[in-house]
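Residue numbers 1139 to 1442, in the working numbering, belong to the letters of the sequence shown in order.
FYI, nobody ran anything at the bench for these hints, they're computed from the structure. Don't take each hint at face value.
To be verified - Label-pair restraints from in silico Cβ distances:
{"#": "1", "residue 1": "K1431", "residue 2": "W1265", "range": "34 to 42 Å"}
{"#": "2", "residue 1": "L1180", "residue 2": "N1202", "range": "44 to 52 Å"}
{"#": "3", "residue 1": "L1271", "residue 2": "C1409", "range": "47 to 55 Å"}
Unchecked claim - 30 Å max Cα-Cα, derived DSS-like pairs, lysine-lysine:
{"#": "4", "residue 1": "K1339", "residue 2": "K1373"}
{"#": "5", "residue 1": "K1183", "residue 2": "K1206"}
{"#": "6", "residue 1": "K1373", "residue 2": "K1392"}
{"#": "7", "residue 1": "K1206", "residue 2": "K1226"}
{"#": "8", "residue 1": "K1412", "residue 2": "K1431"}
{"#": "9", "residue 1": "K1392", "residue 2": "K1367"}
{"#": "10", "residue 1": "K1413", "residue 2": "K1431"}
{"#": "11", "residue 1": "K1291", "residue 2": "K1423"}
{"#": "12", "residue 1": "K1291", "residue 2": "K1413"}
{"#": "13", "residue 1": "K1224", "residue 2": "K1206"}
{"#": "14", "residue 1": "K1224", "residue 2": "K1173"}
{"#": "15", "residue 1": "K1431", "residue 2": "K1387"}
{"#": "16", "residue 1": "K1423", "residue 2": "K1379"}
{"#": "17", "residue 1": "K1436", "residue 2": "K1387"}
Every residue gets a Cβ at the ideal spot worked out from N, C-alpha and C, and that includes glycine.
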Amino acid sequence: MVRCSSSNCSFVKRENGKTEKFKGYSQIEDKDICKSIDELVLVLKLANSGVILLVECNNIPLRNEIIKTLNERINFKFYTIVLDEKNKNLPARMYMDFESKKIDEKTVVLVEGIENALPEIIGYLNWSREIFLKLKLRTIIFCPIYIMDEIIKSAPDFYRFANRITIKEKNEFVEGTKMQMRSFVSDIYYDNENELKDRIKIQEHLLSNAEDDYKVADISLNLGKMYLKICNYDKSIMYFKNSKNLYEKLNDKKGILMSIMGVGLVHNGLCDFKKAIVFLENSLKIAKEIGDKAGESKCYTNLG
């Protein structure tokens, strides 16, 4: 299996030696040449023993342009499998199509609709991962971020054989990451400490592969909150400070607010109440400045 690194980028094309934006993507700047597409092409060309590519790309028009470009640049046939409620067993489907000669080792298999096959698809991927290796196929599975996280958590053996690439427009990535962070900061749900520790491992794995500043800040904030839950104050404050520094760089007031609040809660856990009050009052000040009523309410609650 060929291994490749992940990255986050915009998508552009070349024509007559010049870089151009795709129609419909007015926000993409010419300088944002998508290295991930070149990497994707290279991996597919070199994958003589097969490869599984988990591609995060939620933008359907952008996804279609990616497929179109791959068709133009790679001398393989393309075959699409769309998963749904009646068609969830991807490994079995690929095996049947291989046996019936619909696909072969010169085929790039494009898998869409994985979200429609939940939750069974996760088990199928993990239990039947050897089928992908046996068939030696080039497989691209388009995955929303939340499904990618579920694969890491519940299908780790399959994930070890796969390669993850994120392809998004820069503005889409930034706004999407902000939304993810702000939905997260309400609370962390878990059944027991062991489950929380498993989630920490997943987040640390995600952090090791993250390159975009927003994603690093978001994951660091997550880890700060999680380590706070298990009273590991040293790691908690380290991650909260890391996220604060990045959010300051990005001028994200909401992120700064949550990071400072986290530092205050760490000091509260350490019974250093004077420092805790300073940080919590600073977070309250920011909440009032940006008109964040929910954040303001949390600050008052924490100040008690």
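Structure-based check of each hint:
no.: 1; hint: K1431 with W1265: 34 to 42 Å; verdict: violated, 47 Å
no.: 2; hint: L1180 with N1202: 44 to 52 Å; verdict: violated, 21 Å
no.: 3; hint: L1271 with C1409: 47 to 55 Å; verdict: holds, 54 Å
no.: 4; hint: K1339 with K1373; verdict: holds, 13 Å
no.: 5; hint: K1183 with K1206; verdict: holds, 16 Å
no.: 6; hint: K1373 with K1392; verdict: holds, 22 Å
no.: 7; hint: K1206 with K1226; verdict: holds, 26 Å
no.: 8; hint: K1412 with K1431; verdict: holds, 24 Å
no.: 9; hint: K1392 with K1367; verdict: holds, 21 Å
no.: 10; hint: K1413 with K1431; verdict: holds, 23 Å
no.: 11; hint: K1291 with K1423; verdict: violated, 38 Å
no.: 12; hint: K1291 with K1413; verdict: violated, 37 Å
no.: 13; hint: K1224 with K1206; verdict: holds, 28 Å
no.: 14; hint: K1224 with K1173; verdict: violated, 37 Å
no.: 15; hint: K1431 with K1387; verdict: holds, 24 Å
no.: 16; hint: K1423 with K1379; verdict: holds, 18 Å
no.: 17; hint: K1436 with K1387; verdict: holds, 24 Å
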